[in-house]
Every structure is written in structure tokens, then in C-alpha cells.
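Protein chains in written order, with our numbering: chain A, -7 to 229; chain B, -7 to 229; chain C, -7 to 229; chain D, -7 to 229; chain E, -7 to 229; chain F, -7 to 229.
Misleading hints may appear alongside valid ones.
For identical chains, the list gives no copy identity; a pair is met inside one copy or between any two copies.
[As the list claims (entries may be wrong)] Cut-off 30 angstroms, straight-line C-alpha distance, at most; resulting in silico cross-link-like pairs (BS3-like, lysine-lysine):
| hint | residue 1 | residue 2 |
| --- | --- | --- |
| 1 | Lys74 | Lys44 |
| 2 | Lys74 | Lys225 |
| 3 | Lys14 | Lys138 |
| 4 | Lys23 | Lys135 |
| 5 | Lys44 | Lys23 |
| 6 | Lys14 | Lys135 |
| 7 | Lys225 | Lys138 |
| 8 | Lys74 | Lys138 |
| 9 | Lys135 | Lys44 |
| 10 | Lys44 | Lys225 |
| 11 | Lys44 | Lys138 |
| 12 | Lys135 | Lys74 |
| 13 | Lys225 | Lys135 |
| 14 | Lys14 | Lys74 |
| 15 | Lys225 | Lys14 |
If you're looking for bench data, these hints aren't it; they were derived computationally from the structure.
6 protein chains.
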Amino acid sequence: MRPSGRDLSEMRSVSIETGVTKHAEGSCLIKVGDTHVICTASLEPRVPPFIKGSGLGWVTAEYGMLPRSTGSRMRREATSGKQGGRTVEIQRLIGRSLRAGVDRVALGERQITVDCDVLQADGGTRCAAITGGWVALRLAVNKLMKAGDVVSDPLVSPVAAVSCGIYAGQPVLDLDYAEDSEAGVDGNFILRGDGQLIEVQMSAEGATFSRDQMTNLMDLAEAGTAELVAAQKAAVA
Amino acid sequence: MRPSGRDLSEMRSVSIETGVTKHAEGSCLIKVGDTHVICTASLEPRVPPFIKGSGLGWVTAEYGMLPRSTGSRMRREATSGKQGGRTVEIQRLIGRSLRAGVDRVALGERQITVDCDVLQADGGTRCAAITGGWVALRLAVNKLMKAGDVVSDPLVSPVAAVSCGIYAGQPVLDLDYAEDSEAGVDGNFILRGDGQLIEVQMSAEGATFSRDQMTNLMDLAEAGTAELVAAQKAAVA
Amino acid sequence: MRPSGRDLSEMRSVSIETGVTKHAEGSCLIKVGDTHVICTASLEPRVPPFIKGSGLGWVTAEYGMLPRSTGSRMRREATSGKQGGRTVEIQRLIGRSLRAGVDRVALGERQITVDCDVLQADGGTRCAAITGGWVALRLAVNKLMKAGDVVSDPLVSPVAAVSCGIYAGQPVLDLDYAEDSEAGVDGNFILRGDGQLIEVQMSAEGATFSRDQMTNLMDLAEAGTAELVAAQKAAVA
Amino acid sequence: MRPSGRDLSEMRSVSIETGVTKHAEGSCLIKVGDTHVICTASLEPRVPPFIKGSGLGWVTAEYGMLPRSTGSRMRREATSGKQGGRTVEIQRLIGRSLRAGVDRVALGERQITVDCDVLQADGGTRCAAITGGWVALRLAVNKLMKAGDVVSDPLVSPVAAVSCGIYAGQPVLDLDYAEDSEAGVDGNFILRGDGQLIEVQMSAEGATFSRDQMTNLMDLAEAGTAELVAAQKAAVA
Amino acid sequence: MRPSGRDLSEMRSVSIETGVTKHAEGSCLIKVGDTHVICTASLEPRVPPFIKGSGLGWVTAEYGMLPRSTGSRMRREATSGKQGGRTVEIQRLIGRSLRAGVDRVALGERQITVDCDVLQADGGTRCAAITGGWVALRLAVNKLMKAGDVVSDPLVSPVAAVSCGIYAGQPVLDLDYAEDSEAGVDGNFILRGDGQLIEVQMSAEGATFSRDQMTNLMDLAEAGTAELVAAQKAAVA
Amino acid sequence: MRPSGRDLSEMRSVSIETGVTKHAEGSCLIKVGDTHVICTASLEPRVPPFIKGSGLGWVTAEYGMLPRSTGSRMRREATSGKQGGRTVEIQRLIGRSLRAGVDRVALGERQITVDCDVLQADGGTRCAAITGGWVALRLAVNKLMKAGDVVSDPLVSPVAAVSCGIYAGQPVLDLDYAEDSEAGVDGNFILRGDGQLIEVQMSAEGATFSRDQMTNLMDLAEAGTAELVAAQKAAVA
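Next comes chain A alone, as it looks inside the complex (with noise of 0.2 angstroms):
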């Protein structure tokens, strides 16, 4: 029934490569099926103004496509002025996720500034980019760990996320393209490795759904995640 033939809840193949440009503290390129996204995490001397002396450490994301990930080009951003409102809100969302599994007191007052940049599209970007961004973020922490800058392990549990859907009526795992194209509910689920629940946005366009598909639609969301979690840790193995 699905356009690529998975079963309901079967996620695509997930791949994790490691240490893919020599500049960053802690980098890797995430492929979820045909989505490839490089997540570079870097180690920054600058705290936002907010945090200048609490002793408390800062995660944040930045996201980008670059124009001809997509089907058709996209205008680059650059170039726009400004970023969109869909990339505001994803690399608000990848931010917040990856913060849900940091213990900021453990990390101490420094900043790390996980750079998402998706080189091919698929559907799914902000999902991958969470997935791989916590990897990316990991290598870093271990850079800080291993020269002793950080002594405790500020990362609490990893972090993944997946998204689900309504497609053809049917609550589906892992959306790509053509399938997020034709939802008319679709949303994302970020959680840790722990099961503990982080984010939550299921949302329709000119769509509705009931509340025993929102249970259905978590139940793939766990499954999804706790497979992702296990591609993070073999490869920061």
C-alpha cells in the first residue's frame, strides 16, 4: 500500500557515518532512506547573553537545505534575506529536542552550536536532523570529555526522533516524500532513549484525526525511535 512497498510500521534503512569533515568537533552524515543530512556539532568560545555567568552550558541548532536537495530548486536562503518560517521552526524544534538531553550543569558554561545541512531530501529532514545532530553532539562531548573540560557526562540519554502519519487512512511510520505529500495529518515525535516523551507535534492541513489514531500514531513513534537510538549508539561506539 505504501509507495515504497514498507510494511505500516517499517522505518527505512539507517545509515551513520562518523567524522565526515576534519573541522568540526563532532560531525557525521545521516542517511534515512533518500534523506542525507551532515550534522556538524562545534564547540563555541561565545555563551548567549542570557546564561554569561550562571555556570550552565548551551545547545543550540542551526538548519539549511541547500537549494538543489529538493525536487525542483529552491531559493537559497542567503540570498532570500532571511530564513523562512519553516526553518525557524525546525531549528527552534532541533534545539529544544537536543537540550531535553543535556544536563546544562555538567556541560558548564560553554556553547555548542549543532549545524544541520541537508544534501538530499526525502521527507523527513527534521527527524534525521535531530537523529544525527544528537550523534554529532555526542563525538563533540566526548572531544571535552577526553581533554578533561568536562569531567561528568552532560548527555543524559540520547535523543531521536521519527515522524508518523495518516496516509491512505492508515497511521504509518517514517513518512517519505511521496507520502508527506499526499498526508493530510502528519507530525513528529522526539524521545530519549530512555522512552521518556520530549516533543509531540501531530498536526493536520484541512485533515482531522481522532484520538485512538493519536494512539496508534505513538505507538509506531516508540517503536521508530527505539530504532534509531540503536543506529546512534553502534555508531558512536
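Chain A is already provided as a structure; the job is to place chains B, C, D, E and F on it using the hints.
Leaving out everything else, chains B, C, D, E and F in the frame of chain A:
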């Protein structure tokens, strides 16, 4: 336990005054406790390019806050040269939510823009904006129907929104600012009058929540939005 | 002869309601006929760089219109990326006018920002903003004096503004929108309660006026502002 | 008493050199004392949307200052990303003033843009811009009439502008920078060659003025603009 | 003598992998040493206004760097609201250079946009972008020719670019970052496969160079670009 | 063969008038044929952050064109919200070129900003700007030396620039607009008075050039800049 002395499942008092500006096709001033939002619905000649010639209508929304609607004065977005990420997120949410209650074929090829401007803020402004925005929309559509421009009612069901969160370890309904600024987990539920879900946004900042808590929050939201729909119906009667 | 049936020298009815928002140090809703403006005065911690250390205070103003305050919806300035030329002109005028009634030594090194937001427009919004803005300023200063932060009253005299113009060949007082859109010559007079002039702006668009007409317009303005000052005094009593 | 040694009612010396650039349809370099402004009038193919098909013409203006036209270097507006509030106010004033001397029916459906760029500033740049701008406009219209594109002269009467103010307690004519930076009250008067008033702008910064003073200032302005109109006529003869 | 141990006239190793993204009509990942650039060629429906109806084609280019392509994280241009001067210079150069190898009549009235995004930077990114950009362009044109949309080959000759400079007093070929940041004189040479020059940019920062050195640098550039053209031909074979 | 009737190696007539504005520390109006550029050098208190405390000086430049400096009116960059790519390229070039003639140690920790504003354009404005900019710089430095603020002359050698190109198949010197708009190959050469090269920019648009032509163009440039240096020396004598 709540700063306001309310029960865990108790909404603030709600009032909706209609016809508050002489120019708009529909308007109301909604007060949810000390949160006051003026909502207007404007029938606009221009239609977005992507629906030209489709015969379908469009409902969109914009959101703003007066600089001193808040405890300390905020910078006016018009002077900072752009709408902030929070504003863009909110107005996309309002438009998407209202459209979930609209039959765009019945509306016909015309646009209605709903403006929601916060005069005084005390938490939950986006939910008040959606709830009041629907009232303004209802009144504007009534005018179209009275004039015979629209024959079949394009408003399928009322749309209402309420915030919920975990405050001091307890799921609570309709957070005010005092609660909102303390809650590590909060979000918004948008439902239709027929009980269908439109949007679920539950989000943690530096915290997480369990699946049981999620269930509890959804129960609160269903009760709260039912109360709001009753107020909407009374206002437009 | 006037669309509203008013005499040439007749003001619209004026009402000023104070204390309309719980957050601002001073606030009012001024209604001059169908022109409704909400004015707030905010005591701000930041002082402009050019007066730091001078011991002098500063009063500044910002102005905005809700998108549907007008007959047809206007574009929101926050979405167009900047304040238009008209807005900038108006808010500079409001600030300059209010400062002409302020003893900046007595105020001490602090800033008060007066925000004037038009809820409904029917001509003369900038004059209503100045007149209402002074009331908000008065209330905020009262609070400072009550708290003992300011000892000697920094408000020398009330500041009020009225528009005049030549409509259908006749000098008229307090133009409403129907008149304003027809008048080839119009402008604004800002006076203090003691009769001193602060600003005279008389301007022709595709027309001119004689020196005799100018004299006539000034007579009207003196009478009109006296009436407004009486309303201000009643409101803050 | 005046820093320059001039009498209270004495203008600075005025010179107007025409034909200073080979490309513009009309141009001049006006010098009012040490204030030097280059004015060009450009016949433009585009007409503003609101007059398309009306048969009416349009005259508009833009204003700029070279970065080192002033005592200390100003930031170039092109690098700060927008024209400042002062610039916008001035160029709106120039355009409005020039249009008051134009018969837009006789001009026919075409636009003339008058650019006024200050090479050296010593007070009164906007007045010099209007006075010189009219000369450039006159020359461009002459060209149109010579070519037979315009038959009846659209320029009704010359337009000239002068500043006045209260310096050291005395009303004075044509303020230079040394006076302008000290005067608490100053403004601009724009008149036609036939003595009709176009614009009166008298404004106080931290000061006020009496009605008698206003009368006195208007007397000065009438004399000053008469002198400027004579210089304009000589320049275009 | 060179930090990398290379000879004065020795290029870094070059690899060009084609077909790296499924959406673009042509694409490659070019690696010149540690400088990695992803280049895509997109066939676009829109043509610039100035060639509409001319029958001529257009090739244009855009350039970007991922924020952490560099040693320390750069600000994302989309967040700073505009492309920096360096970016604009580079993308104009890429487009101009590629067009010098294109027969715009043979291409026909269509636009190809070449996007060059730097994944990892180690000096010479603009040269790698031109060299890789030509490969992407070649592949996209091949597709057009295969489809019969273009009959006669519009690509006259390959276009390749290399940097040269004076490092430690010696003319050297293909500067890496360590050299580039020390060189007082450096620049770029863009040549076609047939040896014709397209662009010579030799520029000194706080230094100068003699005409003899200029001759020497041109010799190096001719050899270097010949090597790059061989790699281009192998990649597209 | 040239539209102007000049020989292939013949410059246009050059005049340099100094002291054209009373405010700037150094200024001139340079005329190269019908290209007229006003250049001012401003001694500025602020130093760029990257040299603070280094003891080194800085010379930077900005460039602009009056809207009607050209055959048809150009949009003012201040109204379009940013400097175009061409402007940014040019002003970076001017600054870089002038710095190549400056001993930044001898200048000491201060900044000189050279503004080059084109009053009338007829090709070669950037070259005229560099040549005239050096004269303004020389005069400002003279003032510093006279005042004893700078002891050893920081200006090592004059800096002059000339354009060359291939017009109608022939290398020609100092292109005017009629030639520039036809030439497929053109560029700029910036040299010092001692014959050292600072910048070579030769660029083809839809064309190419041979190495022999390159040699020929360099010969022309050497002769042309020698002539300009003589004019500079005469002007500042």
C-alpha cells in the same frame, strides 16, 4: 497549589465581546483571564497565487503583540525589521488550525485574513487567538452568507484551543503566565467542536514527560476545549 | 456642509479611559469620534547612549496601526520588514511633542516610552495619539512621584494636538477620514495647556493656501486644543 | 549677534549653476552659503501604479547626503540597509512641495524624479534641495515643451523654501549649521512665487514659541522666498 | 618549503565523483586536497528578464559555505540577512567563467543554475567550485542533448580554475589554506581547455608584485589548469 | 576606429581639482574625460576591531553613484536596502589598492575612510575613484604630518588605476562607456608609481583572450598609469 488558586482542571473565566471594530467584516475581543486578544477577520480581494483558478478559498492569520502587552516592554517587531521566530510559528499555527474547520470548496475562491493582536498577555495568547479568531471568522462568513455570496456554510465545526502543561509535577489545564514560566513541559491542543483533533503540540524545555502524563493532558484538553466551544457558540448566537 | 454635520469649529466627542492595561505604568484608551488609540507609557531601564551620565531624562514614542484599523486591511509593518515613512514621521512627531512639555532635569536620567497603537482609525490618529499619549505619560510620572523616585513634577504643562484643514474651501477643525481624504490642505497643531505652540505643520497636496487662511486655521486650533486639555485634566484627576 | 554676522532678516548668498551633468534632462548645483546641493530631474518611463491610465503626471523626489558632506563623516545609508527617518521625511517633503507647483493634467502621464544630493552641508539642506530641485524640474519641463511632448506649461509658479527659527531669543532667517544646532525652535516655509503657502513646518525641540513669534517668522519667510524666486528665475532665464 | 611539502608547481590531488544527488540534472563532489565542494546543475524554467524572447540561454551560479566548513564556525549567511561581499564576488565569478565556455545560441532559451556549496574548506574553494561546476554543467547538458532538447553541443570547451600566489617570496601553484593565509599576493586564473584565458585576477594585500613574477604565475596557471581539465574529462567520460 | 577618435594607446584628458569640500581632511574632484568622481578622505576615530591595540593603521573605501550619474536613472542603493554586488566589489577593490601603497606601521593606529562618489559616469569609474582616492588620501596624510600626529610618511608610492580591454579586436587603453559596453574582454590594472603591480583583473564576458593579448594589455596599462601618476603628483604639489 496553583498560583491563582484554581483547580488542576479549571479554566480561567472566558468572555467574548463581538463587533468591537466598525471596519472589519468580523471581530471580537476575547478575554481568557487577563489575556486579552482583539481578533478581526478581513475579507480580502487578493488570493494566494497557488489557488488562483482552483475555486478553493483560503483562510490565513497574522499575530502580533502590542509592545506593552507584557510585564516588561517588548521591542516592536516593525522596528526590528522582521517577525521573530515565535510570531511566525504562532501565526502559521492559527491559520492551519482555522483551516481545519473550513470547507474550502464551500467558501469559494476568496481569502479571509484573521488578525490576532494581543492587547494584554497573561499566558495562552495563541490559544485565545485561535478561539477568538474562529469567532471573527464565523461573523465574517455570516456576512458573506447573508449577502448570498456564499450559499452552503463553509464552517464545518468550531475550532478552539487550550494550553496544558505539567506544573509542579501535576498536569494542569489553561496555564497562566505564572505557571507557564515555571512549567518544564507545556503545549497546546486544538480541537474541533465535534471532538476531532487538529493539532497536538506538547513540548519540553529542559525536561521530559511520560506517556501516562500525555494521556492525562489530553483528557484535560478535551474538557477545556468543550467549555470554550460553548462560549464561542454563545458569542455568535 | 461637513459630512458629519458638525459646525466648522466643532470637535468630535472625546473620551479618555485610563488604566486599560495592567502591565503599563500608565495607559489610556482615547476615542476622538471613531478614532480609537490605546496609549501606554513604559518606564524603561535603558537610556539612549547620547544622554548617559547627563542626569537628563528622555521621552520617546512609537506608533502603530492594527492591520484592520482601517477601512481596507493594511499590510502589517512587521511583515514588510520595516516601518513606513509615514509611521516614522508620526512617531518622531509624538516624541518631540511630548518632550516639549517635559522638564528633563526634573525627570532625571530615565526613559519613558509612549506606545500609541490605533485600534480603529477615522482620521486624526496622530493627534489622538499625542493627546492620549500625554495622559499615559502623566499617569506614569504620577507613579514615579508617588514612589518618591521623582520629586519635582517634570510635566510642565499638558500637550494636546488637533488637526485642521481646508475642506470644500472652508477652514475646519478636527478632520475625520471623510474630510481628510478630500482636503487639499491639512495639518496638525500641537499646543501646550498654557497656549504655547510646540509644532505647526500645515501642508498642501496639490493645492496651496493663503496667509489669511493660515491665521484662521490657527484660531481653530487654539480653541480645539483647549477643549482637549480640559478632557485630559478630567481623565487624570 | 548671529555667528555669521548677518542681520536677523538676511539670507546667505545664493548661486545656482545649471547644466552640471550631461545625462539628466535638467540639473543644477545650488549653493546657499556653504550648503551645496546637486539637483537633477530625470524623465522616467515608469509611472506609479496609482496613476496608470489617469492621464495625470507625477513628480517625486529623493534626497541623499554624501558621507563626508558633514563635519564628521556620516554612515552611508546604502550600507546601513535603509534610509533613515530624517531622509524619508525630507524626500517626501521635497516631492510634495514641488507637486504643489505642477499642473498634473498639463504634464500628462509621465513621471519626473528629482534627485537632490548634498555635496556639502551647512544647514538648510532641505530648503536648498527644494529651491534647486525646482530649477532642475523647470529645465526638464522646458526640454519636454521644446520637443512638443508637452504643450501647455505644467509649471504654475516657482516653488522655493527657506528655514527660519528662533536663535538666541530672536526670530532669524535662513539658519546656518551653527545657528541650527543651537535653536530650540526652527522650521521650514515653502512658498510659491505667487505668495501662496505650500507648507509650514515650525517645530520645537525642548522649547515652545508664542503666536506672535509665529507671525514674525512668517514675515521673514515671505521675504526670504521672494529673494530665492528671483534667483531661480535668473538661473533658468 | 611549502607547509604541505609540495613542489612549487605541484597541484594537490584532485578527485571528482559524479551523480552525488538524485534530484539535480547534473552533480559532482570535487575534492582538491582537503577542499570539498558539492556542485549541482539545475535546469530552471525561469529565464532572466533581459533575455526573454532572445533565443539565448543563460548559465548562472550561486556559492555558499556550510557554517562549519571552516576551522572556526562561520555565521550562516541566511541568518545574517544577506550574502557577504566575498560570496557575491565569488558567485559572479563562477557564473561569468562558466558562460565563457558556453555557446548561448546552441543552448537555447533556458537557464542552468550551478550551485556550489563548500562542505570542507582548505583554500581555493572558488577554483574548485568553477572546476566542479563545469562538470555538473556538462552532465546536465548531456541530459538535455540525450533528450533531444538541445541538438548542437553548447559547451565549447571545458572551463577550469586554479589559484596561484607568492608564498615566502616564491610563486607557487594551488595554494592551500596555510599558504593562502600567509601569501601577500595571490589570485585566480580561469582558463579553457583550449588554453584561452577567461579571467585573470591577481591581487595584493599589503604587498605588490613585479611584472616578471606575473609572467611566472601565468606559466604555473597554464600547467595547473591543464591538469584539471584532464580530471574533468575523465570524470564525465 | 575608437568612437572618441582616440588612438589605441591614448588616455582621455585628466584633471584633478583638490580641496573641493570644506569638511573633509582631504578631497578632490577627478575628471577622466566625462567621468567625474568626488573623492574625500576622512580621518575617523573608530578603528576596525581586528587591529585594536596592534599599533597598525587602516585605510578603507566606500563607493557610490548618484542616481542620475548614468544615462538612464539608476535606483538609489539606499532605497533598495543594500549595496549591490558591483558596488561591494568596487569598494573592496579601492580599499585594497590604496592599502598597497600605505605603510600601516608609519600611519599608526588610526583609520582613514576614502569615499568615492560618482557625479557623472562615462566608463572607468572605479579606476578614477582609485586614482582620485589616492589624492584625497595624500592630502589627509599631509594634514596629519603637518600636525605632527604622524612623523614618517606612510605613503610609500602613489597608486593609480586604468582600464584596458579588447575593443573591436584591438587592445585599447582607458575605455569610455561606448567602448566598455561593446568590449567582450576588459579589466583594470592598478599599479604603484614605482611600477610595481597591485592588482590585475582581466575578465571576459562571453569571450576569451590569448596570452599574447594579455601581454599587450599590460604594456598599455603601464604607460597609462604612469601618465596618471604624473597628474596626481601635479595635483598635490
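Hints, one by one, checked against the model:
In the homo-oligomer, the alpha carbons of Lys74 and Lys44 lie at most 30 angstroms apart both inside one protomer (28 angstroms) and across protomers (26 angstroms), since each shortest distance falls under that limit. For the homomeric pair Lys74 and Lys225, neither the shortest alpha-carbon distance inside one copy (36 angstroms) nor that between copies (39 angstroms) is at most 30 angstroms. Only within a single protomer do Lys14 and Lys138 lie at most 30 angstroms apart by alpha-carbon distance; the minimum there is 18 angstroms, versus 39 angstroms between protomers. In this homomeric assembly, Lys23 and Lys135 come within 30 angstroms of each other (Cα to Cα) both inside a single copy, at 24 angstroms, and across copies, at 27 angstroms.
With identical chains, the CA atoms of Lys44 and Lys23 are never at most 30 angstroms apart, being 37 angstroms at best within one copy and 37 angstroms at best between copies. Only within a single protomer do Lys14 and Lys135 lie at most 30 angstroms apart by alpha-carbon distance; the minimum there is 14 angstroms, versus 35 angstroms between protomers. In this assembly of identical chains, the alpha carbons of Lys225 and Lys138 lie at most 30 angstroms apart only when taken from the same copy (18 angstroms versus 46 angstroms across copies). For the identical chains of this complex, Lys74 and Lys138 are neighbours neither inside a copy (38 angstroms) nor across copies (38 angstroms), given an alpha-carbon limit of 30 angstroms.
Proximity of Lys135 to Lys44 under the C-alpha cut-off of 30 angstroms is restricted to the intra-copy arrangement: shortest distance 23 angstroms within a copy versus 33 angstroms between copies. For a Cα distance limit of 30 angstroms, the shortest separation of Lys44 from Lys225 qualifies neither inside one copy, at 33 angstroms, nor across copies, at 47 angstroms. In this assembly of identical chains, Lys44 and Lys138 lie within 30 angstroms of each other by CA distance solely inside one copy; the values are 25 angstroms within and 35 angstroms between copies. In the homo-oligomer, the alpha carbons of Lys135 and Lys74 never lie at most 30 angstroms apart, since the shortest distance is 33 angstroms inside one protomer and 34 angstroms across protomers.
Taking the closest pair of Cα atoms, Lys225 and Lys135 come within 30 angstroms of each other only inside a single copy of the chain (16 angstroms); across copies the shortest separation is 42 angstroms, beyond that limit. Taking CA atoms no more than 30 angstroms apart as the test, Lys14 paired with Lys74 passes in both settings, with 29 angstroms inside one copy and 27 angstroms between copies. In this assembly of identical chains, the alpha carbons of Lys225 and Lys14 lie at most 30 angstroms apart whether taken from the same copy (22 angstroms) or from different copies (29 angstroms).
In summary, the numbered hints that this structure violates are 2, 5, 8, 10 and 12.
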